[in-house]
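Residue numbers (my numbering), protein chains in the order written: chain A, 1 to 315; chain B, 1 to 333; chain C, 1 to 327; chain D, 1 to 298.
It cannot be assumed that every hint is accurate.
Distance ranges between label pairs, derived from CB positions [as the list claims (entries may be wrong)]:
1) Pro279(C) <-> Leu306(A): 28 to 38 Å
2) Pro279(C) <-> Lys222(A): 33 to 43 Å
3) Ile21(A) <-> Phe18(C): 29 to 39 Å
Result set (DMTMM-like, lysine to aspartate or glutamate): computed pairs, CA atoms no more than 25 Å apart in a straight line [what the hints assert, rightly or not]:
4) Lys62(B) <-> Asp287(D)
5) Lys197(D) <-> Asp131(C)
6) Lys91(C) <-> Glu189(D)
7) Lys197(D) <-> Asp26(C)
8) Lys229(A) <-> Asp78(B)
9) Lys83(C) <-> Asp126(D)
10) Lys176(C) <-> Glu86(B)
11) Lys3(A) <-> Asp26(C)
12) Lys7(A) <-> Asp126(D)
13) Lys158(A) <-> Glu81(D)
14) Lys62(B) <-> Glu206(A)
15) Lys222(A) <-> Asp78(B)
16) Lys197(D) <-> Asp95(C)
17) Lys177(B) <-> Glu86(B)
18) Lys229(A) <-> Asp27(B)
These are computed hints drawn from the structure, not numbers from a lab.
Remember, predicted model here, so these are calculated numbers, not experimental data.
The C-beta atom is built at its ideal place from N, Cα and C for all residues, glycine as well.
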Amino acid sequence: MVKYIFKRICYLLPVLAVVAIVDFVIIHLTPGDPAAVMLGSDATDADLAKLREQLGLNLPIYVQFGRWLWGVLHGNLGWSIFMDMPVSTAIWQHLGPTVSLTILAEVIAIAVAIPLGVAAAANRGTWLDQLFMTLALLGISIPSFWIGLNFILLFAVKLGWFPAAGYQPLSSGLVNHLKYLIMPAVSLGIMQGALIARMTRSSLLEVLNENYIRTAEAKGLKYWVIIFKHALRNAFIPILTVIGLTFAVLIGGAVVTETVFNIPGIGKLVVTAVLRRDYAVIQGAILMTATAYVLINLVIDLLYALIDPRVRLSK
Amino acid sequence: MKKQPLLEVRDLKTRFSTETGLVTAVDGVCFQIYSGETVGLVGESGCGKSVTSLSILRLFGKHSGTRLEGKILFEERDLLTVPLDEIQTIRGNKISMIFQDPMTSLNPVYTVGDQIAESIVLHQKLDRKQALAKAVTMLELVGIPSPESRIHDYPHQLSGGMRQRVMIAMGLACQPKLLIADEPTTALDVTIQAQILELMQKLQCELNMGIILITHDLGVVAEVCDRVLVMYLGQIVEECPVEVLFDNPLHPYTCGLIRSIPSMATNRREELHVIAGMVPSLYHVPAGCHFAPRCPYADAQCGNPPELVTIDAEHKVRCWHPGARASGERRLA
Amino acid sequence: MATQAAPLVEVEQLVKYFPVSKNYFDLRVVKAVNRISLSIREGETYGLVGESGCGKSTTGRLILRLIEPTAGEVRFQGKNVLKLANEELRKVRQDMQIVFQDPFSALNPRIRVGSAIKETMDIFEIGPPNDRKARTYDILDKVGLQKDHYDRYPHEFSGGQRQRVVLARALAVGPKFVVCDEPVSALDVSTQSQIINLLEKLQRDLKLTYLFIAHNLSVVRHISDRIGVMYLGHLMEEAATDNLFARPLHPYTQALLSAIPHPNPRHKRKRVVLSGDVPSPLNPPTGCVFHTRCPIAVGACRDTVPVLHQVAPGHNVACHKVHEWNI
Amino acid sequence: MDIAANAILKKKTNFLESIRRNIVVRRFMSNRLAVTGCALLTIIFLMAIFAPLLATQPPLEMKVTDRLKAPSAAYWFGTDEFGRDVYSRVVHGSRISISVGLSVVVISSVLGLVLGLYSAYYRHLDNLIMRVVDGLMAFPAVLLAIAIMAALGPKVENVIISISVVYIPTVARTVRSAALVVREQTYIEAIQALGGKPWRIIWRHIAPNCMSPLIVQATFIFAYAVIIEASLSFLGAGTPPPQPSWGNILSDGRTLIRQAWWIMVFPGIAIVMTVLGLNLIGDGLRDLLDPHTNKAKS
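Could you put the whole structure together from the sequences, leaning on the hints where they help?
Right, dumping it as structure tokens:
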């Protein structure tokens, strides 16, 4: 078991290295002089030279990468010129809203998707199956930001139940916090839930075709006992994998949803940084989200061991 | 020995709905099983032997479009018409079934002990601790060494032979009256197969239960079975005691089958006998006698379907010219 | 019996160890094949039997050099196959072909049957390109298929017919030696006898030499001239077919033969039922690998590995107890 | 080189052959959902191809007098704050979405196919390629695309590049898993036994059998690409205005949501129609091409 954990962590290192390299390379794709692009056309040569010196842009690329990586490993993600603060603090300030949005959205998605997928698979071929799967199909076909806009139009503008945009941190009371987060979380959760529901159904159907399910039936077990005790536990491994993989889709969706609902999260931070060409922030934020994705998938890999004895007892 | 049969199947028909319409996998099968007796259900793949066994316990899944007709009488009840929860009390309790591939027939995420105890708890209303204790005795009964520790093993930690023993232990946990074994030893090596066959014979005497053994290996039939049913394309074409099958097979298909298998008895120099043609698919079953297109003795009469006729006390055959022999064809030694 | 022709294929002390896992620190190995030595004369069918995991398929692939052996030599017509370079290797590859077990996965589902057979000719440039199609028709006819099968796809054939196509593909390049790896195990009884008769006819017509690998002893007995019995990577016993079945000398062979279900209910005889399971090839027992399950094992069996030695003309056995027990 | 060329040609004829044969096409047509998907998609494709004919006004022409008009006979989808006809802009916007979607599918499928095949066939390459793929998949599609757009500047070509980079790893992973299954088949071992060269094994034997999962995946990628392009334009990092794209029409609609709901609603409907059509076709193709997926009616 320990060997399995050690192996999963070893896989992690090269992936994180690739993440760092890709993150670094993207920013340095800029054609022309990044300093001029950042300071705009009216900046004097002296300012350009000072900025280039400050950012070390005139050093060879691998030296820049080395210094940047060294900084990252020490938690120093560089300095943001436009926000006049270290990138790490900027990210830290914007982390709260994104974390609560994504967690709430994921909880809603899983709470809806798993029962939906299981019910559809258990009643394969009936109208219930077709209904749920058409809903799931719609779910992955409607972009989350359009759902958000419609929610605003309906609930905020027409009915006035929820505020159209804005964000209240948790410290201002749970109800208040949720009042602002309900619409964005639901609009983000719908696509995520649809993806997970479809996957739950297909992996459960695959398990229901296995021989040990027929053995369980031959033992005289009730249909629902077979579904929940024998089938679901085996189907959970691919479901967990999908939840891990679609986490990237979730974060991507969060970026757009934050823009729709004016939530000051990481997404908003990156979007404004892009419009202002604040490369240090873009680099730092993207590195942070990608690392979070990789760590979450590591946790999910370790969860396999709880469910699957073959993994837990692998020598 | 006209005692009450344990199980009687009358005119069983099983049909599947597929994209291109209804397909009849089992077409009017009739037979009886007596307790303490092993009956072999023999035939090539696609002849309907497995479908027959699955029909007895209605194990076709909740949403498959299968239609069952006819009667299956067990303890004065027709298994085809009893409600689902009643047949669930019979499955694994009075009639249990073991399957071919030991590698995939056990749930990989539960221990062996749990899976055996599960049916004991379900059918004999014991609590989990008592059920596990009974499971240990079952593992001992099927000859698994150090059963107390094996109880906590997972299926992937056991070899093929061991898993098949676990399957048997699971099947016999509630002392069933009838055991249906669907090709139990096909996936096993010949030395392990010998162990499993010997175990099944020992348990049959101890528990005086009936066994339906489904196989395509005539050697296994000769070793273990008392009576044999030969199936071809959904129908029983011959039924007789096992000695009679090898001494005096009457149906041309049975003769062809026996003589086309290389065995200890056949002469190595001669070419193997070959049954002409191929098994037709279930979508276009020949009218009349199903074997007619491949039968060397077929004539006009074989155009209309033969009945399963009783030749003598225990020998039935579905053929217009039973025992037909081409001149000079010698019978098996 | 085949005349005393020079051995077409000779195998000397063939060894193959597979690493258990891909990473370098883990040096544990699976001892799949342990110093196998055998020779096959031209026109002969050598049967290789044993239970699953005994290394018979691996031996077949080693002889064809589909996998590189850890040690040992394979000589084909006197030339050591393992030392050959590309052009010579290609020539030898053309003379040695293989037929597989599962007809359903031995043919590419997206390629017509005819062009699959012609492809082997393209690879070895057999004859001028334009008349390769005619050659394919000829080969199809030889294996009992019709011309119009050329343009069909594999899913339109039954198991038996597909095995004929696989045979045709192997014979398209005119080989001398064919390894048949469980060619009939996946087939139904009636198609099984058709393919066995076909194999024997082709052997007579094209003067082929077979290495016939199978776990079904009755099939091997019918088709082979000599039989080698393998257990956990070792060759236990080797003899002419009739001698082996009349007087099996190695205790494992005796148990194996007694375990075959005999299709005659009156044929009751003493059954030698082995206890326990085949040990894992990861750490095989010391000395003779069969001693843990052998009814007559003694101290010597645990210490030294028995060497395959001649006990009677053409009859070799690897067992310490043989000489004073059976002769 | 001609052998490879006619191998590809051969693959094409095999593939077209199977489409032409009726049972395959008939089974696809019998799937009602797939047919509605095709219908939706043909509408969008026609809209994209004949945009100039279908549009009632030139998309960029501003009529200040007709600002923020509700949908009416003259302006089917109403007008935006500069008096531009929303219907014409949506029609022209379909060109962006379809062209971006198609090019992303082509680029990511071709590169993904090559990466997937070679990492499945050559073990030592496998680790290297798979780590890079895992690394790329760690970036959320929208974020990675934004970063690339920020670096390369706002042009439609850059949108295509950035979305393709996001989906090459997904295709590579799908093709690799399919190719690994094919690689274990006996007919691959048979060709190796015959001394077939790697390129023949990969392109003539492994690739054709990986087509089904690739085609299904490509359809879904087309759908995702349309959504991501819309998201990018919505965030202002995609197709630069004033060129009409569904994303930036939606973005205009967001600020005027209280006064002019129609600017936001109609481009959204266009996006949903396209993506739903593609997803329906994707499901239909998966049931048709992947043998072991269990259909609704067992």
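Between Pro279(C) and Leu306(A), does the C-beta distance stay in 28 to 38 Å? holds (32 Å)
Holds or violated: Lys229(A) and Asp78(B), Cα atoms, limit 25 Å. violated (30 Å)
For the pair supplied as a hint, Lys158(A) and Glu81(D), is the alpha-carbon distance within the 25 Å limit? holds (21 Å)
Measure nothing beyond the straight line between the CA atoms of Lys7(A) and Asp126(D); if it is 25 Å or shorter, mark the hint as holding. Since the Cα atoms of Lys7(A) and Asp126(D) sit roughly 17 Å apart, the hinted pair holds (cutoff 25 Å).
Hinted pair Lys197(D) and Asp131(C), Cα distance within 25 Å: OK: Lys197(D) and Asp131(C) at ~23 Å, within 25 Å.
Does Glu206(A) sit within 25 Å of Lys62(B), going by the straight-line distance between their CA atoms? holds (15 Å)
Take the C-alpha atoms of Lys3(A) and Asp26(C), compute the straight-line distance between them, and say whether it is at most 25 Å. holds (12 Å)
Distance restraint hint 33 to 43 Å, applied to the beta-carbon atoms of Pro279(C) and Lys222(A): holds (42 Å)
Straight-line Cα separation of Lys62(B) and Asp287(D) no greater than 25 Å? Between Lys62(B) and Asp287(D) the Cα gap is close to 21 Å, so the pair holds against 25 Å.
Given the hinted pair Lys176(C) and Glu86(B), is their Cα-Cα distance within 25 Å? violated (64 Å)
So if I understand the rule, the pair passes when the alpha-carbon distance is 25 Å or less; does Lys91(C) with Glu189(D) pass? holds (19 Å)
Would the pair Lys222(A) and Asp78(B) pass a check requiring their Cα atoms to be no farther apart than 25 Å? Within the cut-off at roughly 20 Å; holds.
Going down the numbered hints, you'll see the structure goes against 7, 8, 9, 10 and 18, while the others check out.
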